[in-house]
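**Student:** Assemble the complex: chain A is given as a structure, and chain B must be docked to it using the hints.
2 protein chains.
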Amino acid sequence: MGVLIVGSVALDSVRTPFGEVEEVLGGSATYGSIAASYFTDVDLVAVVGEDFPEPHREFLRRRNINVDGLVTKPGRTFRWKGEYGFQLNEAKTLRTELNVLETFQPTLPASYRQAEVVFLANIDPELQLHVLRQVERPRLVAADTMNFWIDGKREALLRVLKEIDLLMINDGEARSLAKEVNLVKAAQWILGCGPKGLIIKRGEYGAMMFNAHRVFIAPAYPLESVFDPTGAGDSFAGGLLGYLAQSDDLSDATLRRAVIYGSAMASFAVEAFSVDRLKDVTEEALQTRVREFKAMTAFEEIVP
Amino acid sequence: MGVLIVGSVALDSVRTPFGEVEEVLGGSATYGSIAASYFTDVDLVAVVGEDFPEPHREFLRRRNINVDGLVTKPGRTFRWKGEYGFQLNEAKTLRTELNVLETFQPTLPASYRQAEVVFLANIDPELQLHVLRQVERPRLVAADTMNFWIDGKREALLRVLKEIDLLMINDGEARSLAKEVNLVKAAQWILGCGPKGLIIKRGEYGAMMFNAHRVFIAPAYPLESVFDPTGAGDSFAGGLLGYLAQSDDLSDATLRRAVIYGSAMASFAVEAFSVDRLKDVTEEALQTRVREFKAMTAFEEIVP
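If you're matching them up, the sequences are chains A and B in order.
Heads up, the first sequence is in this note's numbering, so the first residue is 1 and it goes up one at a time.
Heads up, the second sequence is in this note's numbering, so the first residue is 1 and it goes up one at a time.
Okay, chain A solo, but in the shape it has when bound (with noise of 0.2 angstroms):
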């Protein structure tokens, strides 16, 4: 199986404690693609402007993603500017210029309607909608979203949550989408609605799988240092669903290892401002970083 993804393709301006960088390739597409790339094959669906530098678009093809639904559209690159503080766990949004993003209505190549794993990365939920209503019968459909839609367009997300297996939010956003403080019972909640799983994300803590009768929980990877968060939540998610889609299982023990090398992709992503860490990740640091978070969890509750 192959893994759909569609979101952003951006151009980032951020600054952190460690260093800050001007217009270098981001978006929640663009992390999510890259991460599923080492596993499976991608068509990502996303929009650019007539200044999307080639080279970016050269590099996704080199990485086996299937850019036909990359479309570019007369104007600018969406842009995205935002800044963190010593804690790294939330970002300041200084500005965003949707520019192309803001017409954006995602036509699907054919090759892509029989997409078996689909992403619906972090945009209006009437779009994610419309991207699902092109694909034909799909396995798995995974989406994220953020507090605007939840606040904004609730209606249209509730309906998203009715046609979707897995939904996969921060901590924030879980709370804000069940309007309950406890985390327990906001899954609940949100299961409730419709998606067969929950994975809530929460940075630095790591994430929890919720479905009805389980929970699976990981930690995040814990880095000496931390350069830049931008794109971990999608890192994790195209990592997690570039996982599922080659094991070709959605078994809750497939899942389980799909959300640690979910984690790891994060782990790589943050490394480094842009992709410059995430887009050279080899297969041995990979399943090294797996076996860290094995050690890293592992316990008998039995004495042998």
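Since no wrong hints were added, every one of them can be taken at face value.
Straight-line C-alpha distance at most 30 angstroms; calculated DSBU-like pairs for lysine-lysine:
1) B/K179 x B/K162
2) A/K81 x B/K185
3) A/K185 x B/K81
4) B/K185 x A/K92
5) A/K185 x B/K279
6) B/K153 x B/K196
7) A/K162 x A/K179
8) B/K185 x A/K294
9) A/K185 x A/K162
None of these hints come from the bench; they were simulated from the model.
**Tutor:** Frame of chain A; chain B shown alone:
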């Protein structure tokens, strides 16, 4: 092995979004001793005033806690009044009355001096050293502290670090102590000060155990209703040290299991005000919770 615990015995007044209690049994040594008492003999060292209700002392005795070291001094018992918001993650202290705690200079009963596991709960580091000098040959000494001592008695605290095996503090305290935002680097700095092990408590996010070459990360038990977080950290420490004492083994495997038993004890402590839930934990409830921790965290990194 038994556990010697020195710390505070208090009368707490607590307000949470779910209710309010006045002058109920609390204090670091209280929570720690009760949690430890499920696993091993406990020698309690603390001070109370003449107003300390006799039923509380009786209750501790019934839990097989040795209260020979719980001295009564003229004056009033230590009182703490605090409040939690809906997030339940941080107490706002409304009032602290040290009372008899202000001049506390514990002298250990002779029978306590052979203690093999010692927990110096959160008190003045000078007092922690004073207690430690009275213990003859402990196999494991653990300590807690707080920002008040990190800021106000740094030199004494650094002397404590040289003499203990295990420090258990929360993430904010670890960052303050090491003057370093990154937790991995903060942990390395703290281990450089003396202790062989460091446990960083992260409230609803669980705990991380660091030693020279290893990290173990455990989640907190995801509860549907957290009623009152007071005493969670002390219950964690008491459960952990009680389990270690009972096991008579300090291997990494046993330490990991001890973190899980401590986490289970903390999860019971927060389910009700004061020690109302912690005081009646059945063996079955405890074992069920430990098995759930395993089920929530286990994954196989390799396809079987």
